[in-house]
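K.L.:
Sequence:
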Amino acid sequence: MSLWKHPAAAGDGEVVETVVELLARVRGMVPPALGAAGAAEGFPGRWKAIAAKLEGLPACLSDLSSHPCFAKNALCRELLQSVAATLAEAAELAARCREPPAAGKLQMQSAIDALAGKLDLNLRDCALLVKTGVLSDAFTPPPPTDEATSTATAAQADVRELLARLQIGHTEAKSRAVDGLLEALNKDEKSVLSVLGRANVAALVQLLTAPATKVREKAATVICQLAESGGCEGLLVSEGPLIEMCQTGDSISQSAAAGALKNLSAVPEVRQALADEGIVRVMVGLLDCGTVLGSKEHAADCLQNLTSSSDSFRRAVVSDGGLRSLLVYLDGPLPQESAVSALRNLVSAVSPDSLVSLGVLPRLAHVLRVGSTGAQQAAAAAICRISTTTDMKRVVGEHGCVPLLVRMLDAKSNGAREVAAQAMASLVGYPPNAREVRRDGKSVPCLVQLLDPSPANTAKKYAIACLLSLAAAKRCKKLMISHGAIGYLKKLSDMDVAGAKKLLERLERGKLRSLFSRD
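When the letters of the sequence shown are read in order and numbered with the working numbering, they come out as residues 10 to 528.
Hints are computed from structural coordinates only; laboratory data are not their basis.
There could be a bad hint or two in this list.
[As the list claims (entries may be wrong)] Restraint-style ranges between C-beta atoms, simulated for each label pair: (1) Ala61 - Leu202: 38 to 48 Å; (2) Thr467 - Asp285: 36 to 46 Å; (3) Asp188 - Ala507: 56 to 66 Å; (4) Ala211 - Pro277: 19 to 29 Å.
[What the hints assert, rightly or not] Computed list of lysine-lysine pairs in DSSO-like fashion (alpha-carbon distance at most 30 Å, straight line): (5) Lys140 - Lys127; (6) Lys499 - Lys510; (7) Lys421 - Lys500; (8) Lys499 - Lys511; (9) Lys510 - Lys500.
All C-beta atoms in this analysis are idealised placements derived from N, C-alpha and C, irrespective of residue type, glycine included.
Please model the complete structure; the sequences and the hints are all you need to start from.
P.N.:
Structure follows, in structure tokens:
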């Protein structure tokens, strides 16, 4: 019998048992079931254990019936119906054990074990209803007179009942409760968050280890959605099973837990709590040994969030081997943007010699060649942070990054163009890199295009810095003039953009000299 099926509506003339009458009937079924269990033949150890469970039922039922919400809550009726079905099954199965066996020994043993499991579930659920406040949580108060308030109260009451059902009943019943909770989240997220408690979150997390794959998947979806909502970070962080499942769970629960932690790590206020739970070490381990690609991606995202604004987190990731793990992960054919962004955050926490010895530059060059626009943008930003000394400017140039950055100047994304120009503005301070830029026929035309004075163009100040370094060469000056740099620079000078007036003077001086030499 399914534990959480609502009783069917009574037909014409059919009398529906009240909860009190149902309780009396269940109490009356205990002595016959106990007597039958005592008289059963075969499997004496198993029947003795079942008898002990049956003896504990009356006390549980008394505790349940004394609860103030007993007669007002549908959960009590449903539990009593389940207990009645279990008692009937116990009496019937025990009677079969006094007759010549109609089924095989193993089949009977399996049936007795299943009965013991149902009794355990009934006893556990009865205790949960009484001790954990589930009955009070799920109890629907009288509706208020105001219509809008009444609707909101009814919605919260429905959610409370769904949340209560996550803690009791068998897996199938909990699966239906998760379905209802997903529907409620999609319909009215605030109603769910307003009544969510720690016990409910713990019940959801425990479902990540449910035997049924579908239940684990649905629980994972709910947890990830709650983490994205931004309304229950503290509750989710307090449930250290999320961290544990990243280490011990199967592929579904591991990926779900990592996804939830990724969302939580985006909230600055909970990062330290996550760190106290050991999230850095766990995410580095997941990046190395995650069972599915999704888990590794979540781990990289989480490390990116953690290292976005904290030097202490950056040092912790490096000390736990996170930099090496990210570099190995980036060796794949399509480097993930989150991993490159995490690497960008970490380069400032590592010495230049370590960056060279670990092979960071070849990986960044690889990303600039084959990565997505977002990954390329993160790689260029990492190069900006690395190129603070002449030696590092030299190493970046030797790894072939300059032509790849020139290619990015023509990207569709404003952000990609800006960070490429910023990296180049730093790199051209090293003369061999400047010569590399001048040799590339696309560099000057692309940089001139980035002088566009429109507010949407955020790369103009870096383009000016690059062009100032290139303007020492006559050929580059002529190219700048021929592509309309003077017109752009006049507008930028009027806008007081740094370096615009200086570059304009150089180009106009060169233009005058060229004019006089022709005369």
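K.L.:
Give a verdict on every hint.
P.N.:
Now for the hints, and whether the structure bears them out:
As the Cβ distance of Ala61 to Leu202 is approximately 43 Å, the hint placing it in 38 to 48 Å holds. Checked against the hint of 36 to 46 Å, the C-beta distance between Thr467 and Asp285 comes to roughly 38 Å, which is consistent with it. Look at Asp188 against Ala507: about 59 Å separates their beta carbons, and that is inside 56 to 66 Å. For the pair Ala211 and Pro277, the supplied restraint of 19 to 29 Å holds, since their beta-carbon distance comes to about 25 Å.
A C-alpha spacing of about 20 Å is found between Lys140 and Lys127, which places the hinted pair at or below 30 Å, so the restraint holds. In summary, the hint linking Lys499 to Lys510 is supported, as the alpha carbons are separated by about 8 Å, within the 30 Å threshold. Taking the CA atoms of Lys421 and Lys500, the gap is about 24 Å. The hint holds against a cut of 30 Å. For the hint linking Lys499 to Lys511, the alpha-carbon distance of about 11 Å falls within 30 Å, and the restraint holds.
Pair hint Lys510 plus Lys500 holds up; C-alpha atoms about 10 Å apart against a cutoff of 30 Å.
Of the numbered hints listed earlier, not one is contradicted by the structure.
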